[in-house]
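> One-letter residues, chain by chain:
Protein chains: 2
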Amino acid sequence: MNTSEFRRRGKEMVDYVANYMEGIEGRQVYPDVEPGYLRPLIPDSAPQEPDTFEDIINDIEKIIMPGVTHWHSPYFFAYFPTASSYPAMLADMLCGAIGCIGFSWAASPACTELETVMMDWLGKMLELPKAFLTEKAGEGGGVIQGSASEATLVALLAARTKVIHRLQAASPELTQAAIMEKLVAYSSDQVVATLGTTTCCSFDNLLEVGPICNKEDMWLHVDAAYAGSAFICPEFRHLLNGVEFADSFNFNPHKWLLVNFDCSAMWVKKRSDLTGAFRLDPTYLKHSHQDSGLITDYRHWQIPLGRRFRSLKMWFVFRMYGVKGLQAYIRKHVQLSHEFESLVLQDPRFEICAEVTLGLVCFRLKGSNKVNEALLQRINSAKKIHLVPCHLREKFVLRFAICSRTVESAHVQWAWEHIKELAADVLRAERE
Amino acid sequence: MNTSEFRRRGKEMVDYVANYMEGIEGRQVYPDVEPGYLRPLIPDSAPQEPDTFEDIINDIEKIIMPGVTHWHSPYFFAYFPTASSYPAMLADMLCGAIGCIGFSWAASPACTELETVMMDWLGKMLELPKAFLTEKAGEGGGVIQGSASEATLVALLAARTKVIHRLQAASPELTQAAIMEKLVAYSSDQVVATLGTTTCCSFDNLLEVGPICNKEDMWLHVDAAYAGSAFICPEFRHLLNGVEFADSFNFNPHKWLLVNFDCSAMWVKKRSDLTGAFRLDPTYLKHSHQDSGLITDYRHWQIPLGRRFRSLKMWFVFRMYGVKGLQAYIRKHVQLSHEFESLVLQDPRFEICAEVTLGLVCFRLKGSNKVNEALLQRINSAKKIHLVPCHLREKFVLRFAICSRTVESAHVQWAWEHIKELAADVLRAERE
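Keeping their order, the protein sequence lines are chains A and C.
Mapping of the first sequence onto numbering that gives the first Met the number 0: position 221 corresponds to residue 220, and the numbering continues sequentially without gaps.
Mapping of the second sequence onto numbering that gives the first Met the number 0: position 115 corresponds to residue 114, and the numbering continues sequentially without gaps.
In short, the hints are calculated from the structure, not lab data.
None of these values were measured; they are calculated from a predicted model.
Relax, there's no trap hidden among the hints.
If several chains are the same, the list does not tell them apart, and a pair holds so long as it fits within one copy or across any two.
Below are the DSBU-like pairs computed for lysine-lysine, each with C-alpha atoms no more than 30 angstroms apart in a straight line: (1) K135 <-> K268; (2) K365 <-> K419; (3) K181 <-> K161; (4) K61 <-> K10.
My request is simple: use the sequences and hints to build the entire structure.
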């Protein structure tokens, strides 16, 4: 494909994408296919000679779309939101074209420098303590990881390296193996200190746990993968109180801040804790500025060597929405979850199972787990909306998460009417 | 930004990308900026009110491009190639729009199933032993990881879990900590068994190391991050001989197979070795098909929970190039590296430092490291081409890697004339 064909096909793809987003409400949110549906639809092996673009674009509707769960449908209320916005998609096109691998400052200075500044912008939007920012040439700073799992792993490894160095400095006879055998990582029943758990969006109290960690010289990592985006609104910022005691903090703008996957934002108070654990310096990656103290080489901050120019997505989204636009987006989702909560509360057959703080409502029919399992099964078989369950203290619970960028009150109202109808069917079947 | 504005802006971005690719040869391959250049050019914090798209697109040329190292310039000969092709960019646009997170089959069946089939297609292109394919409902299979580092980490953790289970089955009194203290991971001086090292593209002999690992019941992981793409050509396939002894194998189509970053292909002979090490099953991720034995939940195969629909890029690239087109691309790069090698060999002042097998030429001026460091410094200061060095047995060596999709003989010839001129300057300065 030459450049002039790309001009044509790229614009066709823009229209395909726009049509998909515009028409997504009309597509069944959860697919009808059975496991193994795809293999018989395509050849056993790659073609020797090229196929045409027309062949491929036709196959998208024939082969791919029938097997897609439409995460951006306004009838998708499962898991947690995954971000999707047009500015982020435009930025990703540019990111693909520049196609640099930003493992060092020299590998593409703009890639590293925009990331550092965007992490400062985002840190300020959250009112993070200044110790986490790079701005004033302090010791802290931010980095984009691929996922919260990676951020947690990086924090764990950095904490481990730090404690080993400290113990070996005090007792040089200790071997690394002897120390590692004794190390303990504490976590809650939903892992590390968490703000906004996946099951029910509950919050650990950092003001309690933080001072203890600091006193005992323990690394405190705080994960707010989903909830973190909400902290850009002053009315939710108190949920982050106590982060000043943390050594590292992360949340996922790719969940709820309109920056398409992947973009997991992580800050540390001491950059040297990360670079001390992950330093990698073969000759082919060295460059003349690296020992100047002026630059950041992000390969020392993460597990993989390679990294895309992901900060472009943040830059486009923050600028094209503005902070006020992003706040309005978060508030709309929270308002919709409270709207759903009040609908549930008006029906005496149902109960709310956890405090509704942000965009997630955990609810169930009063009664057995079996009747709630039957209700969920009916909901997901009908495929008009899509939900997933969780367990809260042995109880089987339905999760209603506000997910789509385009979800409105009308969708929430419709979903509730639909759930009520199916609940009536379930309760009738139970009585019979 | 609403959908109709996206239609307009998306098409403008397609033109921007096409113009960038078309004009990349005219841009200086390595930027002039100094560390810290970017921060003074943009505001201290995110805007409260939205900026316009015009503001942003203007800032790309003003703020971003001056700090970009142009990895896809035909004058970029540094590191290794990173893949860039129009079909992959088109697929990424679609991937962004679908925006599903494929952590389980149910989360988007097409995302999981296309990945499984594409990994079979690619495995067949490489003539991998059938034990690595999913096709015939065997025990093996492929997965897309984000990077070779992740693939290696996953292999290490799977190997560790497997040996712990084996030893505990034989001696139930052994604790995990006691076993872990005794575990050893062997690697060459360039990590794990490697086909095509980064420094000089050398090859470990799997036919020697493989049978030893099998006899000792040791996990053998083979990493061919760069070189793996070449194995789709029958004349290079012999370099992969012995992979039949491996437990896991990976290479990066995002380096040299025209599938934009990130796409690291990994195969294992026993899927259960991975899923045994990484199994994660909270209620909200369970689905009705998961225990049927029919489906793949890729979250059990990797470190992160989330994953994009990356197989779309493979599908678009394999179909729009065809196997023959991909082979022609590899062969052209190898031919260009041999062309550069023969230019170097014709000049008695220079020497070749490692066998040229694929697309990398390691060369230097006969003489001191100092004179070669001076030559590289002149090359990278002139910024007409971009190279990075390596060390081979204490010698400072220049790496000339064929990288760009659009590099031609004329660029290689021009680069050599340029290097010769700068070498003459360096040698003259040394004599004076």
